[in-house]
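Residue numbers (full-length UniProt numbering): 1 to 400.
These are calculated hints, taken from the structure and not from any lab test. Errors might be hidden in some of the hints.
What the hints assert, rightly or not - Straight-line alpha carbon distances no greater than 20 Å define the calculated PhoX-like cross-link-like pairs of lysine-lysine that follow:
#1 379 - 394
#2 379 - 393
#3 394 - 327
#4 280 - 335
#5 289 - 126
#6 159 - 200
#7 159 - 126
#8 221 - 126
#9 126 - 156
#10 200 - 164
#11 164 - 327
#12 242 - 280
#13 289 - 335
#14 200 - 221
Stated by the list, open to error - If you anchor each label on the Cβ, the simulated ranges turn out as follows:
#15 383 - 359: 35 to 45 Å
#16 248 - 158: 41 to 51 Å
#17 360 - 218: 45 to 55 Å
#18 234 - 3: 31 to 41 Å
For glycine and all other residues, C-beta sits at the position ideal for the given N, C-alpha and C.
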Amino acid sequence: MNRFETLWKGYQQGLLQEAELAEFLQLIREDENLLAGGIDELLQHGPQGMPAPGEKELILRQIRQQIQPATVHKLPFGKRYWWIAAAALFLLTTMIALLTIRLKKQQDITGKGRQPSPVYDAAPGKNGALLTLADGSTIVLDSAANGTLAQQGSSKLIKTEDGKLTYSPSSGEGQEAPAYNTISTPRGRQFQLVLPDGSKVWLNAASSLTYPTAFTGNERKVTLTGEAYFEVASLPGKSGTKMSFLVDMRPIAGGKINGTIEVLGTHFNVNAYEDEGAIKATLLEGKIKITAVTGSQLLFPGHQALLSNNQLSIINNLDVEAVVAWKNGVFNFHKADLPAVMRQLSRWYDVEIVYQGPVPGRLFGGEIERNLHLSQVLKILSKMGIQCTIEGKKLIVQPS
1 MNRFETLWKG YQQGLLQEAE LAEFLQLIRE DENLLAGGID ELLQHGPQGM PAPGEKELIL
61 RQIRQQIQPA TVHKLPFGKR YWWIAAAALF LLTTMIALLT IRLKKQQDIT GKGRQPSPVY
121 DAAPGKNGAL LTLADGSTIV LDSAANGTLA QQGSSKLIKT EDGKLTYSPS SGEGQEAPAY
181 NTISTPRGRQ FQLVLPDGSK VWLNAASSLT YPTAFTGNER KVTLTGEAYF EVASLPGKSG
241 TKMSFLVDMR PIAGGKINGT IEVLGTHFNV NAYEDEGAIK ATLLEGKIKI TAVTGSQLLF
301 PGHQALLSNN QLSIINNLDV EAVVAWKNGV FNFHKADLPA VMRQLSRWYD VEIVYQGPVP
361 GRLFGGEIER NLHLSQVLKI LSKMGIQCTI EGKKLIVQPS
């Protein structure tokens, strides 16, 4: 028995230690034929014998995407072990899912010539964004190298080693009228940046932020679509007062709902997705004022402003940690209806939601880690009474 066969047997029995797991995955990356042979053996001894045409190739393609990242960095011990464990878990999940589906197909087949359905899944979202500079040029931040990306006026645009976007003023250069950049996260991506004034912003999936390359005068202003968490730096203005920070939300619901948040140094979350049908501003620290067509309201920590049909209402004693759970890598469903749950999954896993039958009116609650594959999330949701299947890029919600 060679080294791979020993590790393969130990892996299936769950006996490998960290170093052996790392060696096992390294052998697979170096010679994919080793894994192909192991999968052949697994399939041939499964409940249906020989694999269907293309079945092995589909499994290999899914595993290859997980264990062969486009860029390999040296990781600290903790992060390195997390990747080893995640890749190993994905491989194990794929094998279990394969055997489960083949067993079900064996039970369902009543005639000849029917083949097993292919195994589908969706990987969790990750860090990444598209930066559109003021001159119209774009930078894909997922693949951009660390270091200086561009010089804009008196500021250098830098991607740090931990993957954030920051601005650093250059000495000896004056600042002309500010140019405006837009950073956009597609579905399945999130990103963190530090604005030229030192304010920190976390962008959720399917969101965008337009901001100047330098803040001048007595006002800082950005424009948001989607969802973002802000930690705003406090800065003095020219007149001796603090420089205000304004967040404009792009109109949603066909332009019927819009608003502006005025900030003086604080931590808060804004959810302004078009498909949510409302704008929600939640305050964690400090003080903000939200303004709509019908008037303004001052928010204090633990409050949420809800702007719907341009009617502004305030919710008190809110669990703010649940609101910002997405930033900390968690789905937090608190009294959420099924469409609200599905909208979050759709953005993070980049899938289209399709309902088969009427949508149940019940509410759901609970927390799920955002680093799981979609198939793993669906197993958890099934315990809540939500039954779904994955078909390519579609998530089919079945009648309960």
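Next on the checklist: Check the structure against each numbered hint from earlier and tell me which ones fail, lowest number first.
Outcome noted: Those not satisfied are hints 3, 5, 8, 9, 12, 13, 15, 16 and 18.
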